[in-house]
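Student: Listed here are the chains, written in short residue letters.
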Amino acid sequence: MQTALSITLDAFAYGMALFIICIGLSLTMGLMRVVNLAHGAFAMIGGYIASYATRNLGLGYGFGIVLAMIGTVLIALPLERLLYRRIYDRSELSQVLMTIGITFCVIGITNYIFGPTLKTITLPPELAQPIDLGFRSIAGHRIFVIVSGLVVAGGLWFLIERTGFGIHLRAAVENVGMARALGIRTEIIYAASFALAIALSAFGGVVGAEFLPIEPYYALRYMVTFLVVVSVGGAGSILGALAACLLLGAIDVTGRYLMPDFGNFFFYLAVILVVCAFPRGLMGRVKSHG
Amino acid sequence: MAEASIRNAATRPAPLLRDLLALALVALGGLAGYLLFPDNLAFLTRLISVALLVLSLDLVVGYCGIASLGQASLYGAGAYAAGIACLNGVTEPFLLVLIGAAAGAVTGLLMGAVMLRAHGLPQLVLSIAIVQLLHEAANKASWLTGGSDGLSGMIPAPLFGVFEFDLWGRSAYLFGLGLLLVVFAILRLIVRSPFGMLCRGLKEDPLRISALGIYAFPVLLKMFVISGAVAGTGGALAAIATQVVGLDSVSFELSANALVMLVLGGIGHLYGALIGTVIFMALEHVVAAANPFHWMTLVGAVLIAIVLFAPRGLSGTLDQFAGLLTRQGGRTGR
Chain C
0 MQTALSITLD AFAYGMALFI ICIGLSLTMG LMRVVNLAHG AFAMIGGYIA
50 SYATRNLGLG YGFGIVLAMI GTVLIALPLE RLLYRRIYDR SELSQVLMTI
100 GITFCVIGIT NYIFGPTLKT ITLPPELAQP IDLGFRSIAG HRIFVIVSGL
150 VVAGGLWFLI ERTGFGIHLR AAVENVGMAR ALGIRTEIIY AASFALAIAL
200 SAFGGVVGAE FLPIEPYYAL RYMVTFLVVV SVGGAGSILG ALAACLLLGA
250 IDVTGRYLMP DFGNFFFYLA VILVVCAFPR GLMGRVKSHG
Chain Y
0 MAEASIRNAA TRPAPLLRDL LALALVALGG LAGYLLFPDN LAFLTRLISV
50 ALLVLSLDLV VGYCGIASLG QASLYGAGAY AAGIACLNGV TEPFLLVLIG
100 AAAGAVTGLL MGAVMLRAHG LPQLVLSIAI VQLLHEAANK ASWLTGGSDG
150 LSGMIPAPLF GVFEFDLWGR SAYLFGLGLL LVVFAILRLI VRSPFGMLCR
200 GLKEDPLRIS ALGIYAFPVL LKMFVISGAV AGTGGALAAI ATQVVGLDSV
250 SFELSANALV MLVLGGIGHL YGALIGTVIF MALEHVVAAA NPFHWMTLVG
300 AVLIAIVLFA PRGLSGTLDQ FAGLLTRQGG RTGR
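Those protein sequences? They're chains C and Y, same order as listed.
Just so you know, we're using numbering that gives the first Met the number 0 here: the first sequence kicks off at 0 and counts up by one.
Just so you know, we're using numbering that gives the first Met the number 0 here: the second sequence kicks off at 0 and counts up by one.
Incorrect hints may appear among the rest.
[To be verified] Once the Cα atoms are required to be at most 25 Å apart in a straight line, the calculated DMTMM-like pairs of lysine to aspartate or glutamate come out as:
| hint | chain 1 | residue 1 | chain 2 | residue 2 |
| --- | --- | --- | --- | --- |
| 1 | Y | LYS202 | C | ASP88 |
| 2 | Y | LYS202 | C | ASP251 |
| 3 | Y | LYS221 | Y | ASP204 |
| 4 | Y | LYS202 | Y | ASP318 |
| 5 | Y | LYS202 | Y | ASP18 |
| 6 | Y | LYS221 | C | GLU160 |
| 7 | Y | LYS139 | Y | GLU283 |
| 8 | Y | LYS221 | Y | GLU91 |
| 9 | Y | LYS139 | C | ASP260 |
| 10 | Y | LYS139 | Y | ASP18 |
| 11 | Y | LYS139 | C | ASP251 |
| 12 | Y | LYS139 | Y | GLU163 |
If you are wondering where the hints come from, they were derived from the structure by calculation, not from laboratory data.
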């Protein structure tokens, strides 16, 4: 019973950390139709910035998160202008190659600057201690991740479904030409959603660092995991991404607890079964090219 | 456009002649490698086995338009099948290659059957999931595959009963070169056959092909089987030549590298696969030995440059240059 509870809580927190990182990828893929394999690289950059801020500059955890999000977006925006904008309407293969190339470059440069060692992010004492929930105690950090995940999910849903920006974004996705004709500045909308996705990935990289440790190969090691989560959930769907993260997180954590020597075997088996059963993902949008 | 392609066809040498020329070039290049780098034959043999993998990937990506990041599962299946057979007393090298090709073909059948269910991104993810699944399975089934230690201690019988697979790797290299030539010749015939044209048609315009009354699934599945046989041949060659089969032969990294090599050389030409493999592996041999992280940065930069400036790969760009030089217009009407 105790094991079952701790597996459930761990799986839930891990799934939420995955969700915060992956939802940005799901948005760029579903709404802007870019297969951005470099998404994990941006999460990693966020983690590095936060680690540098908390450990070397001695700033607080909150500052670390904010700095990581701003810094990563500042790095990513020129890349959007110079590289991504040229592949928005190219084939999937071109997008995959270009973004793998960016990932490789980021790994090489990161290692050159920071070295191959693992970086940690200092947690504030409130989050490092276990919190008593009455029936059992749980690491404060886990609760923080879970709450952040829920806030991100709710905030995104509100942004996309209930605000003017969301309406413009959905219009640009449905029909770029018509949206432009109506006076919507689609380049700005795209750049803003790209920046939002990157900021979320940096946030996820920082809060998820306890589950996915920050090191140069982070970008490549978890690239597959992130990609899998998005395609299982169905690109562009918040609810689908949430379901996929919780499902795959649960399978992954349970597998690690109960059958550690099988590694990721069950994770990938589940992926193949789900994708075969739902080729468009659990809740994929039906693509409607204009 | 049509006029230009007719003129092109008239001035171009006959296809058979071109094929013989291409084969002669490959053979010449191979022999030059043998004479120029007699101390690096083990590396060159590995290069040939990877070239077979990249050729097999070209069949799927270049002729069917299916992006795959899991091609190494076919290569690994061939390598492990040949290795296991060799450890269990089947030592005749040609038989081992056939076993590897058969194992690759069967794996290709399964992989194709799974991958063809989806399209686009989910398809790509399926290919990754398959190679990771096989990787974990090979790691877990250590009684069969040696787990993370890999298989070792295979001793293939001498080639034709005369030429031993010795430390210098001369017979292994020439054996590999011969295999490559045979496979390359067969693939040239296949991609120009009606079946090869049909695959190409499915890549260019699937709707139109299905309007002609053709069901795509079995055609593409057939190409997956052929591709598996080629990749399996490469794997078996690696097993025979290095006498070791490791977990890295079924890895996502090898699959991704194969795709990079293919794109570097240019997709959909077959010879692009060879050019890409030679350049990539030669560079890797030099740079990665100095610093593996610089190597990653370099590969990344090259990938970005290819997508931006040479989307048709080196061979496509060469074609363009050749076209400009002979004033036939850059685009060959593909």
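Student: Each hint should be assessed against the structure and marked as holding or not.
Tutor: For each hint, the structure was consulted:
no., hint, verdict
1, Y:LYS202 with C:ASP88, "holds (18 Å)"
2, Y:LYS202 with C:ASP251, "violated (36 Å)"
3, Y:LYS221 with Y:ASP204, "holds (19 Å)"
4, Y:LYS202 with Y:ASP318, "holds (21 Å)"
5, Y:LYS202 with Y:ASP18, "holds (23 Å)"
6, Y:LYS221 with C:GLU160, "violated (46 Å)"
7, Y:LYS139 with Y:GLU283, "violated (30 Å)"
8, Y:LYS221 with Y:GLU91, "violated (28 Å)"
9, Y:LYS139 with C:ASP260, "holds (8 Å)"
10, Y:LYS139 with Y:ASP18, "violated (44 Å)"
11, Y:LYS139 with C:ASP251, "holds (17 Å)"
12, Y:LYS139 with Y:GLU163, "violated (33 Å)"
Checked against the numbered hints listed earlier, the structure breaks hints 2, 6, 7, 8, 10, 12; every other hint is satisfied.
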